[in-house]
Amino acid sequence: MDALVHINDVTKRYDGSDQPAVDGITLQIAPGEAVAVMGPSGSGKSTLLNLIAGLDRPTNGTITVAGRRIDRLSETGMARCRRSQIGMIFQFFNLLDDLTVADNILLPAQLAGMPRVQARARVAELLDALHIERRADAYPGRLSGGERQRVAIARALVNRPLVLLADEPTGALDTATGEEIGQLLLDLNRSGQTLVMVTHNPELAARYTHRAIHLLDGRITGRTGDMFPMSRTAEARR
Amino acid sequence: MVIALVLVVSTASSVLGLALLADSHATFDRAFSAQRGAHVVATIDTSRASTTRLAATAHLPQVSAAAGPFAETNVTATDSSPGAPVIDLPPLTLAGRPAPGGPVDDITLQDGRWPQRPGQVVMESNTDGFGVGIGDTVSVTSAPGRPRLTVVGLATSVSRSADGWVVPTEISALRSREAPAIAQMLYRFHSAGTAGAVSAATAAVRNALPAGAMTDTQSYLNVRAAQSNQVAVYAPFVVAFAIIGLVMSVLIVTNVVSGAVIAGYNRIGILKSIGFTPGQVVAAYTAQVLVPAMVGCLGGVALGNLLSVPLLRKTSDVYGVGQLGVPLWVNLGVPLAMCALVAVAAILPALRAGRLSATEALAAGRAPRTGRGYLAHRLLGRLALPRPATIGLASPFARPARMAATLAAVLLGVTAVTFAVGLVTSLRRAVADLDLTKTEQVQVFLNGPGPVPVKGPGQAPPSAPQSGQVITAALRSQPGTAHYVLEEDGQYVKVAGLVQPLAVTAFVGDARWTGYALSSGHWYTGPDQAVVPKRVLTTLHISVGDTVTITGTGGRTVPVRIVGEVFYQDHDGMTMLTDWRTLTAADPGLRPDPLNFQYDVGLRPGTDPTAYVRALGPKLGSGYGVSINRSGGAEIAIALAGTLTLLLSIAAALGVLNTVVLHTRERVHDLGVFRAVGMTPRQTVAMVLCSVTGTGLLAGVLAVPAGMVVHRYVIPAMAGAAGLGVPPGLLNVYGAVELLALVLAGLVIAVAGALLPAGWAAQARTVSALRAE
Ligand SMILES: Nc1ncnc2c1ncn2[C@@H]1O[C@H](COP(=O)(O)OP(=O)(O)OP(=O)(O)O)[C@@H](O)[C@H]1O
Ligand SMILES: [Mg+2]
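These protein sequences, in sequence, are chains A and B.
In this note's numbering, each number is its position in the first sequence, counted from 1, plus 288.
In this note's numbering, each number is its position in the second sequence, counted from 1, plus 1331.
Accuracy of the hints is not assured; some may be wrong.
[Said to hold, decoys possible] To be clear about the criterion: a stretch of chain A counts as covered by chain B if any three or more of its residues have a C-beta under 8 Å from a C-beta of chain B, and this derived list gives those stretches:
{"hint": "1", "stretch": "360-372"}
{"hint": "2", "stretch": "382-391"}
[To be verified] Computed Cβ-Cβ distance ranges for the label pairs, DEER-style:
{"hint": "3", "chain 1": "A", "residue 1": "Pro319", "chain 2": "B", "residue 2": "Leu2075", "range": "46 to 54 Å"}
{"hint": "4", "chain 1": "B", "residue 1": "Pro1717", "chain 2": "A", "residue 2": "Asp425", "range": "17 to 25 Å"}
{"hint": "5", "chain 1": "B", "residue 1": "Ile1601", "chain 2": "A", "residue 2": "Asp425", "range": "36 to 44 Å"}
{"hint": "6", "chain 1": "B", "residue 1": "Val1622", "chain 2": "A", "residue 2": "Glu413", "range": "54 to 62 Å"}
{"hint": "7", "chain 1": "A", "residue 1": "Ala426", "chain 2": "B", "residue 2": "Arg1713", "range": "16 to 24 Å"}
{"hint": "8", "chain 1": "B", "residue 1": "Ala1732", "chain 2": "A", "residue 2": "Ala426", "range": "21 to 29 Å"}
{"hint": "9", "chain 1": "A", "residue 1": "Ser372", "chain 2": "B", "residue 2": "Leu1706", "range": "30 to 38 Å"}
{"hint": "10", "chain 1": "B", "residue 1": "Thr1608", "chain 2": "A", "residue 2": "Glu413", "range": "50 to 58 Å"}
{"hint": "11", "chain 1": "A", "residue 1": "Gly365", "chain 2": "B", "residue 2": "Glu2069", "range": "37 to 45 Å"}
{"hint": "12", "chain 1": "A", "residue 1": "Ala424", "chain 2": "B", "residue 2": "Leu2087", "range": "33 to 41 Å"}
None of these hints come from the bench; they were simulated from the model.
Where is the CB? At the ideal position from N, CA and C, for every residue including glycine.
Use the sequences and the hints to build the structure in full.
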């Protein structure tokens, strides 16, 4: 099966630092796969995710998402690509505090110019699916951490992205809530959503993803897991 | 950085404004005190008061200094220099002074030398129209034997004590037979600040003299008011700009500084967490803001001084007080006041920060407290506009105080623009109204420009009927002539209630088409009517509709009804416009003087004045002059208004820039989120620009009426300073299209200020902002 994301010998060096944050990484992600990115703090996990999201450009190497070279796109092109193909969630949710839950979720659809009625319907559907329909008119400041992350996930999904990128999605949550969110992501993946998740937690990685890559100082130092998602997840769920 | 820039602009405009203001108030006063000007010039009938009685008045308690008596006389004279046409001079007051200096009225000799023997005269250099220069000859036609005086110098008296000075012994020879023996006494008083004080002190002097000895007095306050000094006309609008500039500086500085302190909360929190005391925090923070503020103030002072040089130079030589600069108190006071303001504006929020605990400060450094923008976001979100636009529109509501200050700054900027647009239109129209360039395109006169002597010595001048026939024949045969009228500008009449004779501009024929602007009343319709400028009305304490009595040279008196107030500035506004027959009623023998008349010509629409003049010239032949009526003036005022408006608009745009920068900095995290969910750079720019469009539009809507109000108050004040009433055409200057454009000026200023930070916001590397929550 053809890979959805091709990362080919990618290096990212930030201005003013001689040590590359990501150093010659090659990686492929197949549709429907769930991949964990692991490694100690500062090893380049977030950098790698931002490169896939087109939030940042690699210093060297190529990144292809759904057949398109995103490292070559203009800022505008990257933004368009991001809103149609990529959803992102973060450790600290990154919701907009002065918009309601519904408006937060609606925002990417509005930016993409989705017709109003259709966008509203999509938001209602997501609110329902993520069990936050009662919070639609609340402001993020009033929500619990778990609820906030659900809102963030709904927002990431509103434009039906090809890839969902999650940067330590459970890092700011207590264990029980973290479990819930992890389960949610697993369910999404089982329904076909491609997922790349950064996590420190090997147990989480083992339970919710098919395989993991380990980073150290921007390099891949090891890979665990295989390319046969179903058997692995089925095992993990037990 | 923004602090420094805003302060450069606001300090510069304040310095310039205050310098001109100080100048317009102080130039006369400075010259007056430097030249020890006379508070009162008193005319004394010397047959009634002895020299000892006069000398005793110097010791009155009210009098601080006195000079005189200097013999004087009023004469009529002609400029009769050899080889030049004979020209009647206006009535002159000549005084005998042994030397220009003295304890009172220290006359400034500007050229030539002081008279040393009989037959020499020094003329007042500051009276336009005498037209005599050093070496010319003046014949005193009213004195027996028509004595001739050679002009040996030009001098100016700030007290305007006389029109010319001769050696004291000569005065008796210049008196006509029936003229009384009079002399002038020059007084300085201890208290002369108000008209009341001047007349009280004058009364004390009068009472110390025999009854009827003091026949006339001239207060320095009248001289000062009569100065048709350009700066006095500028003062009202410069004051308006300076006030707008000062208020705007206060707003912007306060906004900049408290914004910077809010943005610095995080830093303050860190400082406190490593052990700074609240006092140290306040000091450190205030100092950090004051440094760019001081740099800005100094830059502003330099810029203000630079701009003021060409403007102040215009007025410096009028009074012979040498080069004027920006007064020291302005150069020191403005930056000090600005720095004090910055300090206050910085210390208040810094004190608040100083009292915060470290954790509170760190928390306060985050994006604005949530809860304020909710409603705005909800309501605007419902609009059928693109989402970036509605988010932008709602964003100012998160910081209402900052939005209000920004609104006020833009409002003031647009007020200045609106006022300036009206001012320029009014000035252009005033110049056109004064010079009649729209209606009276061409003037024909005898003794055209160039060295063509019409009349050599001993040669008879062409008679009025003769030259009139030549001119009217040429005008009638020339296609393109629509109207013409003979204007005679060299006559004077005695008007009851005025000490000086009043100049008369008289028309032979219908002159209504010339289109003199009237502030009130109507153009004269018969020989017993006249129109006068405002200054005549105020000097005579009369109003339109009243009747004055004029006396001709033969002593005949006729009543003349004043039927209108005309917008007219010649002779400093001390003049009367009427039909020629008004003059002949008082003086039946009067004939138009060909050397003082001109034909005013109105052209048919579409006629090119240049071609007309070229064609007419040869028909008239030599000895006649034709010129196009061109208007000049008002350029300085227009340039000044333009400069100040530009500075204020830049300041307003910088205020917007500052607000948007602060806002963008506070919202860097949100910008990261927007990017992460797929906002394009263009959408980001649109969002940031929309955050100021509401403010800009609202400011425009509010500012345009405000600017119109300023215009409505300032134009009459300016005209008043020039001794003029205001015709309605100078006030109704705003057209509908213009007003609409001015409303949009707020938007332009706001968008101009937001453009740069919008670009930064779109380019910002926001990846790291996403991590730092
Ligand atoms: N915007 C930036 N500018 C300069 N250097 C950066 C930037 N962002 C990250 N880095 C550096 O790049 C390296 C990798 O950082 P990155 O955030 O990708 O690590 P991470 O694995 O996500 O760490 P963590 O687990 O703490 O989130 C680090 O050394 C970091 O200091
Ligand atoms: Mg990270």
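Hints, verified against the model:
no. : hint                               : result
1   : 360-372                            : holds (count 7)
2   : 382-391                            : holds (count 8)
3   : A:Pro319 <-> B:Leu2075: 46 to 54 Å : 52 Å, holds
4   : B:Pro1717 <-> A:Asp425: 17 to 25 Å : 22 Å, holds
5   : B:Ile1601 <-> A:Asp425: 36 to 44 Å : 37 Å, holds
6   : B:Val1622 <-> A:Glu413: 54 to 62 Å : 57 Å, holds
7   : A:Ala426 <-> B:Arg1713: 16 to 24 Å : 18 Å, holds
8   : B:Ala1732 <-> A:Ala426: 21 to 29 Å : 27 Å, holds
9   : A:Ser372 <-> B:Leu1706: 30 to 38 Å : 32 Å, holds
10  : B:Thr1608 <-> A:Glu413: 50 to 58 Å : 57 Å, holds
11  : A:Gly365 <-> B:Glu2069: 37 to 45 Å : 44 Å, holds
12  : A:Ala424 <-> B:Leu2087: 33 to 41 Å : 38 Å, holds
When each numbered hint is compared with the structure, no violation occurs for any of them.
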